[in-house]
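Top to bottom, those sequences are chains U and R.
Under my numbering, think of the first position of the first sequence as 14, with each following residue one higher.
Under my numbering, think of the first position of the second sequence as 14, with each following residue one higher.
If you are wondering where the hints come from, they were derived from the structure by calculation, not from laboratory data.
Incorrect hints may appear among the rest.
Just so you have them, the derived chain U footprint on chain R, three or more residues with Cβ under 8 angstroms [unchecked claim]:
hint : segment
1    : 110-122
2    : 158-171
3    : 186-198
4    : 220-228
5    : 251-259
The beta carbon of each residue, even a glycine, is placed where N, CA and C say it ideally should be.
Protein chains: 2
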Amino acid sequence: MLNIVIIGTGNAATVLGKKLCAAGHQIIQVYGRNKENAQKLAGLLKSVPVSEWTEILTTADIYLLAVADDVIEEVSNHLQVKNKILVHTAGSVSKNVLSKASERFGVLYPLQSLRKEMEPLTAVPLFIDASDEQTLKLIYELAMSISKQVTVADDMERMKLHVAAVFSNNFSNYMYMLAEQYCKKENLHFKHLLPLINETATKLQYNPPSLSQTGPASRGDKKTIQRHEELLNDYPTMKEVYQFLTAKISELNKEKDTGN
Amino acid sequence: MLNIVIIGTGNAATVLGKKLCAAGHQIIQVYGRNKENAQKLAGLLKSVPVSEWTEILTTADIYLLAVADDVIEEVSNHLQVKNKILVHTAGSVSKNVLSKASERFGVLYPLQSLRKEMEPLTAVPLFIDASDEQTLKLIYELAMSISKQVTVADDMERMKLHVAAVFSNNFSNYMYMLAEQYCKKENLHFKHLLPLINETATKLQYNPPSLSQTGPASRGDKKTIQRHEELLNDYPTMKEVYQFLTAKISELNKEKDTGN
Numbered sequence: 014m015l016n017i018v019i020i021g022t023g024n025a026a027t028v029l030g031k032k033l034c035a036a037g038h039q040i041i042q043v044y045g046r047n048k049e050n051a052q053k054l055a056g057l058l059k060s061v062p063v064s065e066w067t068e069i070l071t072t073a074d075i076y077l078l079a080v081a082d083d084v085i086e087e088v089s090n091h092l093q094v095k096n097k098i099l100v101h102t103a104g105s106v107s108k109n110v111l112s113k114a115s116e117r118f119g120v121l122y123p124l125q126s127l128r129k130e131m132e133p134l135t136a137v138p139l140f141i142d143a144s145d146e147q148t149l150k151l152i153y154e155l156a157m158s159i160s161k162q163v164t165v166a167d168d169m170e171r172m173k174l175h176v177a178a179v180f181s182n183n184f185s186n187y188m189y190m191l192a193e194q195y196c197k198k199e200n201l202h203f204k205h206l207l208p209l210i211n212e213t214a215t216k217l218q219y220n221p222p223s224l225s226q227t228g229p230a231s232r233g234d235k236k237t238i239q240r241h242e243e244l245l246n247d248y249p250t251m252k253e254v255y256q257f258l259t260a261k262i263s264e265l266n267k268e269k270d271t272g273n
Numbered sequence: 014m015l016n017i018v019i020i021g022t023g024n025a026a027t028v029l030g031k032k033l034c035a036a037g038h039q040i041i042q043v044y045g046r047n048k049e050n051a052q053k054l055a056g057l058l059k060s061v062p063v064s065e066w067t068e069i070l071t072t073a074d075i076y077l078l079a080v081a082d083d084v085i086e087e088v089s090n091h092l093q094v095k096n097k098i099l100v101h102t103a104g105s106v107s108k109n110v111l112s113k114a115s116e117r118f119g120v121l122y123p124l125q126s127l128r129k130e131m132e133p134l135t136a137v138p139l140f141i142d143a144s145d146e147q148t149l150k151l152i153y154e155l156a157m158s159i160s161k162q163v164t165v166a167d168d169m170e171r172m173k174l175h176v177a178a179v180f181s182n183n184f185s186n187y188m189y190m191l192a193e194q195y196c197k198k199e200n201l202h203f204k205h206l207l208p209l210i211n212e213t214a215t216k217l218q219y220n221p222p223s224l225s226q227t228g229p230a231s232r233g234d235k236k237t238i239q240r241h242e243e244l245l246n247d248y249p250t251m252k253e254v255y256q257f258l259t260a261k262i263s264e265l266n267k268e269k270d271t272g273n
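Construct all of the structure, not just a fragment, from the sequences and the given hints.
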C-alpha cells in the first residue's frame with residue numbers, strides 16, 4: 014500500500030485515482046487549481062482536496078501528475094519533493110522533464126481513451142518507465158496493482174505507441190464523426206452503424222486488419238466509388254477524405270498485384 | 014416457414030443462410046459455380062448443392078442472390094422464375110436490376126461486416142426494399158425472423174448507408190491496418206492497442222463521436238504533431254495520412270472557434 018498525491022482532476026486523474034483507491038492505496042491528497050473539481054474528485058477517492066501548491070504534503074511515496082502534456086514540467090517544479098517519486102502519465106513526453114524536480118521519477122502511461130464515467134472493468138494497458146531500477150520496481154508494483162497489462166517502455170517506445178494510438182483512436186473516431194454528421198443531415202440513424210463499428214473492432218482479436226480490408230476501394234469497384242462520390246457532392250470535406258483514402262487503399266492492391 | 018434457394022457461397026450467403034436455417038426456413042438448394050463450395054455450404058444448411066443453372070428448382074418462395082454486386086443482374090437472368098421473389102443483398106445496387114428476371118423482387122441488405130466464422134449472436138441490422146407491398150411484407154417477415162433490427166430503405170437510402178459504412182468500417186479499418194504495420198516494423202505489439210480500439214467503438218453507444226475527438230490534432234498540440242511527423246519519416250504513406258487527417262481535424266476546431 015502506497016501513499017499517493019494526485020495532481021489533476023481530469024479523466025486520467027479520475028480513472029487512475031479510482032483504480033488506485035480500489036486497489037487499496039491511500040490517496041492522501043488531490044490537487045486541483047479549481048477548488049470544486051478538487052473537492053469532487055477527493056470525495057470520490059476518500060481523499061483531501063487542496064488547491065495551493067504550498068498545501069501539498071511532502072510525505073507521500075508517489076506524486077502522480079495527471080495533467081496536460083504541456084504543463085507537466087511546470088507543475089513538477091511547484092513540487093518540493095526532492096527524494097520522492099514523481100510520475101507523469103503522458104505518452105509523448107520524456108520522463109526527463111521531471112528530472113529537475115526530483116531525483117526519482119518515472120512514467121505511467123495508460124494506452125486507453127480514459128473517460129471519468131468509463132466502465133471500471135475496461136482494460137487499461139499501462140506503459141511504465143523510471144529514472145532508476147529501484148523506482149521502476151515500485152512503479153511496476155503500482156501499475157500491476159491496477160492493470161493486468163503492464164509493459165516497460167522508454168520515451169521513444171511510448172511516443173511510437175502514441176503515434177499508433179492516434180491512428181487507432183483519433184483518426185478512426187474522425188471517420189465515425191464524419192459518418193455521424195452525414196447520417197444526421199441525411200435523416201439516417203447513426204446507431205444503425207454501431208453493430209458494424211463494433212464488429213470491425215471486435216474481429217481484430219482474431220484477424221489482422223490487413224485481412225479485413227473490404228469495400229469498394231479494396232476491390233477496385235469504380236462504379237460504386239463513382240456513385241459514392243456523387244452522393245458526397247454536398248459534403249466537400251467528406252468527399253475529399255473519401256477520395257484521399259480510396260486512393261490510398263487502392264494503392265494497397267497495386268502493391269499486392271505487382272508483388273511489392 | 015419459407016422455401017429458399019441461396020445463390021452464392023461467400024460470407025453473406027453463409028451468414029444469412031445459417032440464420033435462415035436456424036430460424037426454421039427450408040434452404041432447398043445452394044447454388045455455387047464451384048462444386049466444392051456449394052457442397053460445403055449445403056452441408057451446413059441441411060440443403061442440396063447445385064452447380065448448374067438448369068438444376069435450380071422453380072418451386073422456392075424466395076431466391077436469395079448473395080453474390081458480388083457486379084454480377085447480380087447477370088445471375089438473375091439465369092433464373093427462370095417469373096412469379097417468384099428474387100432478393101439481392103447489396104447496399105449500393107438498385108432493386109430494379111432484378112426487374113427483368115421476375116415481377117416480384119426486393120433487397121435484404123445486411124449492414125454488417127459478415128464473415129463465415131462470425132459469432133452467431135452478432136447483431137446484423139437489415140435494410141429491406143421490394144417491388145410491391147405484398148413482396149415487401151414477405152421480405153419483412155423473412156428479415157424479422159433473423160434480425161431484431163429491420164428497416165425499410167429504398168435504393169437511395171441504402172446507398173447513403175453504404176457510404177456511411179465505408180467511413181465507419183473500411184476507412185477505420187485502414188487506420189488500424191496502418192497502425193498494425195507500423196507496430197510490426199517498430200517491434201511493438203499491435204495487441205496493446207486493442208483495448209483502446211474497443212473502447213473507441215464501445216463508447217459510441219453513450220457518446221457521439223464528435224464529443225470523443227481527442228488527441229494532438231484536436232487540441233492543436235503542434236509540438237506533439239511535429240514529433241509524430243518526425244517518427245513517421247520512414248513511413249511515407251502513414252505520414253501523408255497523418256498530415257492529411259491532422260489538417261482536417263484541426264479545421265474542426267477552427268470552425269468551432271469562429272462559431273461556424
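Right, here's what the structure says about each hint:
Counting residues of the segment 110-122 of chain R whose C-beta lies closer than 8 angstroms to any C-beta of chain U gives 0; at least three are required, and the coverage claim is violated. Beta-carbon proximity to chain U at under 8 angstroms applies to 3 residues in the segment 158-171 of chain R; the threshold of 3 is reached and the given coverage holds. Under the rule that three or more residues need a Cβ within less than 8 angstroms of chain U, the assignment of the segment 186-198 of chain R holds, with 11 such residues. A stretch counts as covered by a chain when three or more of its residues have a beta carbon under 8 angstroms from one of that chain; for the segment 220-228 of chain R and chain U the count is 8, and the coverage holds.
Proximity of the segment 251-259 of chain R to chain U, defined as three or more residues with a beta carbon under 8 angstroms from a beta carbon of that chain, is established by the 6 residues found.
Hint 1 from the list above is the single one not met by this structure.
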